[in-house]
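**Student:** Here's the letter readout for the chains.
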Amino acid sequence: MSSEAQPQTTAHATGVKEPDPKILVFCCNWCSYAGADLAGVSRLQMPPYFRTIRVMCSARVDPEFVLRAFQRGADGVLVAGCHPADCHYIGGNYRTRRRIALLKMLIQQFGFDPDRLRLEWVSAGEGEKFQKTIIEFTNTIKELGPSPMARGDE
Amino acid sequence: MTMAETKKTDPNEKPRIGVYVCHCGSNIGGFVDVPSVAEYAKTLPDVVYATDNLYTCAEDGLTSIREGIRKHNLNRVVVASCTPRTHAPLFQTTCESAGLNKYLFTFVNIREHCSWVHMKEKEKATLKARDLIKMGVARARLLMPQEEEKVDVEPTGLVIGGGVSGMTAALSLADMGFPVHLVEKEGELGGFVRNLNNLYVTEKSATETIKPLIEKVKASKNVKLHLNSQVKSVEGFIGNYDVVMASKGAEDIKTKVGTIVVATGALEFVPEGLYGYNQYPNIVTLTEFEILCKKKSLPSLKNVAFIQCVGSRGQKVSYCSRICCNVAIKNAINIVDNYENMLGLAEKNGTIIDTVPVEKKVPDEILERRRRRRGRERGEEGEAEEVKLGPSEKIEVTVFNRDVMAYGVEHELTYNKAREHRVKFVRYTPENPPKVFMEGNQLMVSYFHETLKLDRSMPVDMVVLSTPMVPQLDTREMSQMLKVPQGQDGWFLEAHVKLRPVDFATDGIYVCGTCKGPADITEAATQAAAAASRAAIPMAKGYVQAEALTSVVDDIKCSGCGTCIQVCPYGAMRKNDKGLAETIVAACKGCGCCGATCPEMAITMTNYTDAQLLAEAKATLEEV
Chain A
1 MSSEAQPQTT
11 AHATGVKEPD
21 PKILVFCCNW
31 CSYAGADLAG
41 VSRLQMPPYF
51 RTIRVMCSAR
61 VDPEFVLRAF
71 QRGADGVLVA
81 GCHPADCHYI
91 GGNYRTRRRI
101 ALLKMLIQQF
111 GFDPDRLRLE
121 WVSAGEGEKF
131 QKTIIEFTNT
141 IKELGPSPMA
151 RGDE
Chain B
1 MTMAETKKTD
11 PNEKPRIGVY
21 VCHCGSNIGG
31 FVDVPSVAEY
41 AKTLPDVVYA
51 TDNLYTCAED
61 GLTSIREGIR
71 KHNLNRVVVA
81 SCTPRTHAPL
91 FQTTCESAGL
101 NKYLFTFVNI
111 REHCSWVHMK
121 EKEKATLKAR
131 DLIKMGVARA
141 RLLMPQEEEK
151 VDVEPTGLVI
161 GGGVSGMTAA
171 LSLADMGFPV
181 HLVEKEGELG
191 GFVRNLNNLY
201 VTEKSATETI
211 KPLIEKVKAS
221 KNVKLHLNSQ
231 VKSVEGFIGN
241 YDVVMASKGA
251 EDIKTKVGTI
261 VVATGALEFV
271 PEGLYGYNQY
281 PNIVTLTEFE
291 ILCKKKSLPS
301 LKNVAFIQCV
311 GSRGQKVSYC
321 SRICCNVAIK
331 NAINIVDNYE
341 NMLGLAEKNG
351 TIIDTVPVEK
361 KVPDEILERR
371 RRRRGRERGE
381 EGEAEEVKLG
391 PSEKIEVTVF
401 NRDVMAYGVE
411 HELTYNKARE
421 HRVKFVRYTP
431 ENPPKVFMEG
441 NQLMVSYFHE
451 TLKLDRSMPV
461 DMVVLSTPMV
471 PQLDTREMSQ
481 MLKVPQGQDG
491 WFLEAHVKLR
501 PVDFATDGIY
511 VCGTCKGPAD
521 ITEAATQAAA
531 AASRAAIPMA
541 KGYVQAEALT
551 SVVDDIKCSG
561 CGTCIQVCPY
571 GAMRKNDKGL
581 AETIVAACKG
591 CGCCGATCPE
601 MAITMTNYTD
611 AQLLAEAKAT
621 LEEV
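Chain order of the listed sequences is A and B.
Using the numbering used here, the first residue of the first sequence is number 1, and each one after it goes up by one.
Using the numbering used here, the first residue of the second sequence is number 1, and each one after it goes up by one.
One chain only, chain A, in its complex shape (with noise of 0.2 Å):
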């Protein structure tokens, strides 16, 4: 691990040394972005580390989408569709999983941990998954430290 060319790190977060993670989130709309909507209904509190972008389905996201995200220095990207079987295109999740599982093995090739990319299933009234994946994304990815990319390792 090398630790040159660190990020700066946010402004008021002076004399630690870990900057923030950068954490990108695709939630679909139908039922992953209700599920982060109900956590935040529900109070539920979680790391403040994450940018949520909403699409009508999880098949919408292109793999260019993640890769870029990687490229330009995210630490973590989860992709949150609905349950298998409850999609509201019917089968776009399906999709979407083989997609990912394919990104994962891609994403290692270019050096990335296949853990900084996350697919997890969040339905409308999983508020307490959401904030569940989110902690627990936080904490993998703080783990793994920051992208190479950011780490300057390319």
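Only pairs whose alpha carbons sit at most 20 Å apart, straight line, appear in this in silico EDC-like list of lysine to aspartate or glutamate:
#	chain 1	residue 1	chain 2	residue 2
1	A	Lys132	B	Glu121
2	B	Lys483	A	Asp86
3	B	Lys232	A	Asp86
4	A	Lys132	B	Asp489
5	B	Lys120	A	Glu128
6	B	Lys124	A	Glu18
7	B	Lys256	B	Asp507
8	B	Lys618	A	Glu64
9	A	Lys142	B	Glu121
10	B	Lys120	B	Asp33
11	B	Lys124	A	Glu136
12	B	Lys316	A	Glu128
13	B	Lys120	A	Glu136
14	B	Lys557	A	Glu64
A short list of chain B residues far from chain A (calculated; beta carbon distances all over 10 Å):
#	residue
15	Asn195
16	Thr207
17	Gly236
18	Gly273
19	Lys295
20	Asp403
Computed from the model, here is a short list of chain B residues facing chain A with C-beta under 7 Å:
#	residue
21	Thr83
22	His113
23	His118
24	Glu121
25	Asp131
26	Lys483
27	Pro569
28	Gly590
29	Cys591
30	Ala596
31	Leu621
Hints listed in this document are in silico derivations from the structure and should not be mistaken for laboratory results.
A quick note: this is a predicted structure, and the numbers were derived from the prediction, not measured.
Here a beta-carbon is modelled for each residue, glycine too, at the ideal position from N, C-alpha and C.
Based on the hints, put chain B in the right spot on chain A.
**Tutor:** Here is chain B on its own, set in the frame of chain A:
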């Protein structure tokens, strides 16, 4: 205020973005430094105006959007507040009223996704809110105006379920002049209420209470009744659902409907293995007790125990079933007050209940187990000792409860009445629930008296277990067929718990009654009337505007490989005469599966373009 003509926005015109950051009272303002976020928004590219509102959704907030559009000639609007799932239509309409195409609006969620989930980290929550707005602005810069297609709505309704909710909804729609198909899987109307003896508050017979409703439904010219029938498949979208109904011993019926109301009801939880249910005689659930009362086939009783919250509130299910306290109180008063009337049972002394009246709801294997167990009980232990007591003698009723939830005006009074009529309410804790056992031939309940701090026991003739309502066994199947969600406990989930309580997130489908959670008849009927009026809106209007959210193929980039045709779940992609892909707009639902798959990047999803989504990602990832 007059409705302005929608301005023709020139796609090449430089974006002029207005950003409105909402405090939502203290919901956001209490956990995010909103003024500083609005100041920050002013520094973002193409932002010409930014401000903060106490409530952007209130009239003065909406006015500030309209004024902003006029004064600053805004051609893009970003609102950072709550969730688009509830408030996007409001802000979009506001933009349109000021002449801005609604697709030039972007929603940023800094409440559900920020202030409410990072309540203890104001600095980081503020940082995140800034970031989210930066993403929204990056998206807004690339938005394009869109035209929506009008889709006709078939003015016919479908109501699934013929209980009180379904009947009320069907009748409401019928009275508004819409033909309605009412589908009931049983051979008669009435649903769960058919099991019940008398109803609380009115103390009237359940059968008599719903009789006028059933008669009205049967007499209504607009209601087409399908008994012994089930909905087999539903295809389509708001205004245009193709429905297939299957009836026993008849051919499938195909029909077209515009809106659907789901009123499939609930079941009672079967407390298998709890409190000696199915193990000892005379232990019944609340509904079984109602059925026994209704059939006047109760055994002679001197001591009756009700146990509340059997299986609910963190045991088998997490929730409180809402109605059982009041039902138990009603029955306790019935027993104490109205014993003779209600039972007429002098001749039935000592009867052991051996038929399970709710057979239809219990899976076969459980029924078989119950039969075997009962036989064994009878063979080994013989019948319970005859209780020699006439109806005139004093009857003890004890209600073991965790808390009594006698909410509202009437129920609190009924609860007081029960206490005045010497019904005993004994509290237990979940760690130390009462125990039901046999001592010789005598059924016993032992319990820890929380006030006296003493172990007590008492002989009883019958134990009534108040078990929660649970979702129908086919809820999952139904949710998949209709593409509507279930909540954590398996109930149907409404679009918004407060603001859209009888809508599903899917347009054109509505929900009411106990299929969305425990409710009593009053509540179910209220919801049903609400669902019917919601379902009538698009039918009365005659059309809906389809969201401009489809795929568009770029002829020049498309290589005609056909991958998009393979992945489209709706068969909405086809090859044109040039051998290139094209979208069948009416069939496209806008999921974007094709867009993500196309190897030539020839497919654009309107309003969710690659460029827009990538810009959002880039905005948050680039160094500040």
